[in-house]
Amino acid sequence: MLLAVLSGFILCTLAPWLTRSFGDRAGWLLSLLPAALFIYFLTWIPTIAQGEAVIIHYPWIPGLDINMSFLVDGLSLLFALLISGIGTFIIIYAGGYLHGHKDLPRFYAIMFAFMASMLGLVLSDNIIALFVFWELTSVTSYLLIGFLHEDKDNRWFALQGLLVTVVGGLALLAGLLMLAVAAGGEYTLSGILAAEDIHAYPFYTGMVLAILLGTFTKSAQVPFHFWLPNAMAAPTPVSAFLHSATMVKAGVFLMARLNPSVGGTDLWFYALGIFGALTMLTGSVMALRSTGLKAILAYTTVMALGTLTMLIGIGTEQAIIAAMTFLLAHALYKAALFMLAGALDHETGTKDVTKMGGLRQVMPITFLAACLAALSLAGLPPLFGFIGKELMFEATLGAGGALAAFTSLLALLSAIMIVAMAAVFALRPFTGRRKETPKTPHEAPLSMLIGPVTLATLGLVFGLFGFLPAAALVGPAVAAVYGDPITVELYLWHGINAPLMMSIAAVIAGLVLFAKWDTVLAGFKRLTFIDRFGMERGYEHAMDGLVAVAEWQTRLLQNGSMGNYLTTIVLTIVGLAGWTLLVHTDTPIPLGLFDVNLYEAVVAGLVVVGAVFASVTTSRLGAVATLGIIGFSIALIYVLFSAPDLGTTQIMVETLTVILLVLVLFRLPGFIDYSAPATRIKDAVVAVALGGLMTLLILAVNDVPVAEPISDQLVHWSEPEGHGRNIVNVILVDFRALDTLGEIFVIGLAAIGVYAMIRFRAEDKAQ
Amino acid sequence: MKAMDSLILRTAARFLLPLLLLFSLFVLLRGHDEPGGGFIAGLVAAVGFSLYVFAFNAGDTRELMWMDPRVMLGWGLLLATLSGLPAILEGKAFFTALWWPVEVPLIGSVTLSTPLVFDIGVYLVVIGSVMAIVLALAEVEE
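Line order of the protein sequences matches chains A and B. Yeah, the first sequence ends on 767 if you go by my numbering, and it's all consecutive. Yeah, the second sequence ends on 1142 if you go by my numbering, and it's all consecutive.
Each hint should be verified, as a subset may be incorrect.
As the list claims (entries may be wrong) - Stretches of chain A that chain B covers, calculated by requiring three or more beta carbons in the stretch to come under 8 Å of a beta carbon on chain B: (1) 642 to 655; (2) 724 to 730; (3) 736 to 746; (4) 750 to 760.
No lab work stands behind these hints, which were simulated from the structure alone. For glycine and all other residues, C-beta sits at the position ideal for the given N, C-alpha and C.
Okay, chain A solo, but in the shape it has when bound (with noise of 0.2 Å):
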């Protein structure tokens, strides 16, 4: 398990390679990966459809409890699945769309490392793990949605999705935290799911609210449901792979797996159905509104995450059976609905809907296969996707209390436009009169159908065989994300009832709506108060803060002034070591002078002769003479106090800044513009106030007595641990090695440093 989690990023650091070495072939030859991670998944399924959940562990920072354990079940089953069996296709189909694209190595790089943190993500038992796996999705979904990075709006986008999902994932972080809290420091999932007081756990509220943050800005979820479209910057194998089984159901994932210890209460209720059908409403009349074929998709995909998070707040036996359908049913159609729409931009070279027209006779596979796929979406028979949407009528219908009618009402509205929106992709390409368009169309390769073909297929088998998914993938994952078993049949056939009378409704007043599209879209076109108000405003107004409240303490903090950053550094220090100093000091501090040789006294009055000509003098020369004096004087202390060997470094140091400030005194023009003398005076005070915190602080330490120095530990261990008698170069190149090996680095990137910014200085100025 661990190595079918780990192989993508494996793969990842070779695919570059690989595609350089295989070219047109690389595509096919990648997507081996994908293929066998989907049947090593296959072969969970008769474990997992006897209802065990299997738990496998890996240590991973055992001193943290952090463990790679993967929790196996039904849910994460489906998902492991959809992962790996749409990615298989998309991998694929890179090939084709992507073909003789410069960057098309880095492209395979990423996806994999995608797909990778997505089989973490839905695998992970551990929640650190998972959070980790969920911002690796967030990072590389970022890179995938920028891949054509040459284009500002691209970059843009990227960003936007980046930073809205990594808000919700702090969020998130805060939240999984105090569920582990919650449930008694338990860092499993497994564990969560066994706990049983959750809901007593005082800040349960806010608990839900932070996860939900995470989970909504990851799912697209009004008012977070922006960033989804946008990433249609994304080519198209990206979105068609984002949008059906990983990214943005990631979120959903997530709500699902913690529906049966987190969910059950009135806030998780509301929460979810409410915000879901909001989303689920918003994202179907958006999609009225597009006319882009990726654009119209991304909007059925906002609905789609709308009505999952619905269901899974519904919660009822009914509403889980429902979501965990139309995820199936959602990921089998959206993937091929989005390969085709690439199809059909990659041949005809635009993806405006409305510029398209009579195709059924050169893309006659495409037609077929897209057909099927928006009898799905529209929840036709004998499809997937009407079973889904019967069972999720049925669910809004049982839901309790106010919200049977709400979810209700919304459910067949949004539905009503979802038929329309299916026939628009389905039949305005396909259909009518030829249109111009930029490029020559004709049928596109096979490396480009044969995944929404299978696709689109599949979500026929599945309708017709009903017992087969429900058997093997959704009954699993509703008794997981349910928290009991439950035996789950799925029929095309439920007699005649309410939901099938809000389906035919919906068919027929969707049609409606699709012969009079075009009158809605220029009734759309005049209501422009809606990008006027919408969210991405509030998301740009909010960036255009952070950017405004950055640039103002920029400007206060780092003012370029060396005066100013040593004058806070200094001032800060006198303040709380000073005052730490002087809460925590009991005995009085000794200032007598005892047992001071003369020697000693006349080295000490020269340092401090230095010191004072230093500060007055007014030439360069004379300061660097006088600090070196200083410099001098300290290396005798050091001999006189017995430490021969910080004598010599010292002098030697003494030496070196000399050369180095005589080197650099050349270069300096005199000192033209002094100080005015109210500024000296606070600077006097500045260094007057460190100067004296140190001797207070030095005498404060002479006084208090240290158990037993480390250095006699030290000193003793030298001759026989060390075998050296220089116990400062034991030190430093034994007993302290690492620390040195550290010290070292730095002074050697120090150098660099410094060369640096000579030489470029002086490349600038030859130029």
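Based on the hints, put chain B in the right spot on chain A.
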């Protein structure tokens, strides 16, 4: 920077540089038992080379060093890092010191050790860092 055109300085530098370099090696090798070590030794050698820069010029010094200081810096870091590895091969923690007494004809018993290799790494890093800066500054002046 114009080299100080002084015959006395040049003559002195010619004699002092080998002496300083020898002394730095001496300080490096005795460092484990007596005052000294890679850091001090590196500074001594760097001071010697800097003297040469003043007496002659940066180009001559660069030639004399027969290795770019930046490269020397890299070798020093590599050597210091590698000195921690033998311990791992013996199954001990990274940077555990290992000692091998060797009999050298005419000199007697000499103890080779990974801390010595580490100290030589420090020595090279210090010379490389200081000289990279000094030479860069001097060359900009020229």
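Structure-based check of all given hints:
1. 642 to 655: Three-residue rule met by the segment 642 to 655 of chain A, so holds; n is 7.
2. 724 to 730: It holds: at least three residues are needed, and the segment 724 to 730 of chain A offers 6 whose Cβ sits within less than 8 Å of chain B.
3. 736 to 746: holds (count 6)
4. 750 to 760: Held - the segment 750 to 760 of chain A has 7 residues with a Cβ nearer than 8 Å to chain B, which meets the minimum of three.
Comparing the model with each earlier hint shows no violations; every hint is respected.
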